[in-house]
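Peer 1: Residues per chain, in single letters:
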Amino acid sequence: MVRKFLAVILLAAGVGLAGAGEALPSVADPGLEARVQALAEVLRCLVCQNQNLADSHADLAIDLKNQVRDMLRQGQSEKEVIDYLVQRYGDFVLYRPPVKSSTWLLWGGPFLLLGSGLAVLLVNLRRRRQQAGAALSETERLAVERLLNGDDEGKK
Amino acid sequence: MRRFLLPLVLFLVLVGFLAVGLRLNPRQVPSPFIGQPAPAFQLQQLAAAEQTFSPENMRGRVWLLNVWASWCVSCRQEHPVLMDLARHAVVPVVGLDYKDGREPAKAWLSEHGDPYALSAWDSDGKVGIDYGVYGVPETFVIDKSGIVRMKHIGPLTPAVLSEKIIPLVKELNGA
Chain G
0 MVRKFLAVIL LAAGVGLAGA GEALPSVADP GLEARVQALA EVLRCLVCQN QNLADSHADL
60 AIDLKNQVRD MLRQGQSEKE VIDYLVQRYG DFVLYRPPVK SSTWLLWGGP FLLLGSGLAV
120 LLVNLRRRRQ QAGAALSETE RLAVERLLNG DDEGKK
Chain U
0 MRRFLLPLVL FLVLVGFLAV GLRLNPRQVP SPFIGQPAPA FQLQQLAAAE QTFSPENMRG
60 RVWLLNVWAS WCVSCRQEHP VLMDLARHAV VPVVGLDYKD GREPAKAWLS EHGDPYALSA
120 WDSDGKVGID YGVYGVPETF VIDKSGIVRM KHIGPLTPAV LSEKIIPLVK ELNGA
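Chains as they are written, first to last, in numbering that gives the first Met the number 0: chain G, 0 to 155; chain U, 0 to 174.
Calculated from the structure, these hints are not laboratory results. Hints may be right or wrong, so weigh each one.
Heads up, incomplete: computed chain G residues facing chain U, CB under 7 Å, no partners named [unchecked claim]:
no.: 1; residue: Leu45
no.: 2; residue: Val46
no.: 3; residue: Leu59
no.: 4; residue: Asp62
no.: 5; residue: Gln66
no.: 6; residue: Arg87
no.: 7; residue: Tyr88
no.: 8; residue: Gly89
Here a beta-carbon is modelled for each residue, glycine too, at the ideal position from N, C-alpha and C.
With the sequences and hints as input, model every part of the structure.
Peer 2: Have a look at this one:
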């Protein structure tokens, strides 16, 4: 019995070790890998569109990460890699859209809404202040006094 | 009455935006290639490893580059459309066999029929990346001087073919 248990435990440990061996990242150059990772976080995976390359395990994302790694290894700069991908996949590949004429509404929209909200608020506040500040005429003042004193004459 | 007018207008504008937004297909990413030269490459042909194919070979002709793979399910869906196109010999179609094994790809063609003038074998998908391929099947219309004129993402349908691609091919051939 004990021997059987031991065998199972050994087997499990063996499986665990095998798995661990597989999961070991084959990073020969941690500096390069950090640059690849940094780029992968600002690039969009085009298959699973709301993920960046770093998060995605889609085939294309892995291919693109390899492409990025190859290009960086060949000594190209981050900007060259991004330009290369934008040339092929368009601005959409950038997780952070560039500011240009077709995206000004996207970038400016929230501020536009904020501005118009503030404008509405200001106009309303000013109108309210004007209403509060309007002086009563003599007859109105007398009418108010009558009502406040509980005098019914005002109602007739 | 007037106090309801502004919220109503805002609501209608919002509905308008949503109505348009819901109809857009997020998979149709505009290709930056339209009007640009098709990237050059040199690949082994699928059927004959000793022969190569390069887009340069098609210079002077209007042609389609259709990206496909034997593992691609939607390619099966568009396959009859391509077969039909090949039967009518409207325009030469070159296949780009994307990230595929040579044997499965050849088996797939002999099983379903081969609509391609030839297929280039992009085993590691590098040419695919060069062409900005992200969802197979994709189809490029390339003109006589090697400029990409149109890109269709996803399976070709008879409607896309007869309403967009064939008129474009005719126009490019006439010019």
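Peer 1: Check each numbered hint against the structure and report the violated ones by number, ascending.
Peer 2: Those not satisfied: there are none.
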